[in-house]
Each structure stands twice: as structure tokens, then as C-alpha cells.
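J.: Sequence:
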Amino acid sequence: NILERRWMEREIELLEEFKEPLIMASSNDPFYVVKDEIQAKLEYAKVKHARFQDLLENTNTATNNEFREIRKALLKEVSKAERDLSSLNMTIQAVENNREQFSHIDDNELLDRKGFVRETQQILKRITDDIKSDKVRKKMERDERQRLAAA
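So for the sequence shown, our numbering puts the first residue at 1; every next one is plus one.
Rather than coming from a laboratory, the hints here were simulated on the basis of the structure.
One or more of the hints may lead you astray.
[As the list claims (entries may be wrong)] Computed Cβ-Cβ distance ranges for the label pairs, DEER-style: (1) K80 <-> T59: 42 to 48 Å; (2) L75 <-> R142: 17 to 23 Å; (3) K125 <-> Q101: 30 to 36 Å; (4) A50 <-> E119: 15 to 21 Å; (5) N98 <-> K135: 41 to 47 Å; (6) M90 <-> K139: 33 to 39 Å; (7) S79 <-> K135: 17 to 23 Å; (8) K72 <-> D112: 29 to 35 Å; (9) E66 <-> E141: 17 to 23 Å; (10) S87 <-> E66: 28 to 34 Å; (11) I92 <-> N58: 40 to 46 Å; (12) N64 <-> Y32: 35 to 41 Å; (13) R118 <-> R147: 40 to 46 Å.
Backbone N, C-alpha and C define an ideal beta-carbon position, used for all residues, glycine too.
Work out the full structure: start from the sequences and follow the hints.
T.: Now the structure itself:
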């Protein structure tokens, strides 16, 4: 199937792109290392989510193994990214609680960091909410009934 092949090619491109060690955006600040890792996970999750949506709309989810695998992998990837975000948030709190030790991080930089965490949390929540939505659940139930009726 041409569409399936295109999705797999895009997945391979993403994996290749993020396989190499990520380059820090600034100095030796560990924030940027973790941020880069989270961004890579987020991009991967977005691609997987798009594929999930395609399979949801165009296949019988009860009989499509790829759908189940992607759903499981996506939930796992989002969970990992959320844990990384939690760690990143703790580093932000450490900076806030000890401004003197982190004087090289000005208020604007701190606001940018908080904004990144907040925006990323919102994106991950939207993906999770979509995967666990009533719409998805109902489609999966309908497909399962259809599978059983055909058996």
C-alpha cells in the first residue's frame, strides 16, 4: 500500500534524524540537552499520532495490528516525554529557588523555559486526550463488534 509505505519512509527519516547525538543549543547547560531530547520525542509522537489518526479513520482497528502497536507505542512515548518534562520542570524550580547560583539565566530565559514546558505539556495532553477519547473508544468498540459479527 502506497500510503503505508510513505508513513514507514517518514518514520525511518525521523529515526535517522534523531539517532545522532543531539547538539546542545547553548553552552553546557543541561536544560538544552533534555529539551532537545524532548523535542525529538515530541516530533516522533506527532508523526505517530498522525499515523494513528489515519489508521483510526481508514481501517478496522480490531483487525489492524499496526493500529494497536502504534497506540501502545504512542502512549509509551508520551509518558516518557512527560517524565522528561517533569525533570525539566524541577531544574526550572531549582533555578527559581536559587537565583544567585544561576545568575547567568536571566528572567527572560527562565520565562522561555517555563513556556517550553507549558506548551509541550499541552501538546502531549492533546495527543493523550485524543488517543483516549470517546470518539476513539467508540470506533474501536464498533470495529470489534464488526469483527465479531464477521466471524
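J.: The structure should be examined with respect to each hint, and the outcome stated for every one.
T.: How the hints compare with the structure:
no.	hint	in the structure
1	K80 <-> T59: 42 to 48 Å	26 Å, violated
2	L75 <-> R142: 17 to 23 Å	21 Å, holds
3	K125 <-> Q101: 30 to 36 Å	32 Å, holds
4	A50 <-> E119: 15 to 21 Å	19 Å, holds
5	N98 <-> K135: 41 to 47 Å	46 Å, holds
6	M90 <-> K139: 33 to 39 Å	38 Å, holds
7	S79 <-> K135: 17 to 23 Å	21 Å, holds
8	K72 <-> D112: 29 to 35 Å	34 Å, holds
9	E66 <-> E141: 17 to 23 Å	19 Å, holds
10	S87 <-> E66: 28 to 34 Å	31 Å, holds
11	I92 <-> N58: 40 to 46 Å	41 Å, holds
12	N64 <-> Y32: 35 to 41 Å	39 Å, holds
13	R118 <-> R147: 40 to 46 Å	41 Å, holds
Hint 1 from the list above is the single one not met by this structure.
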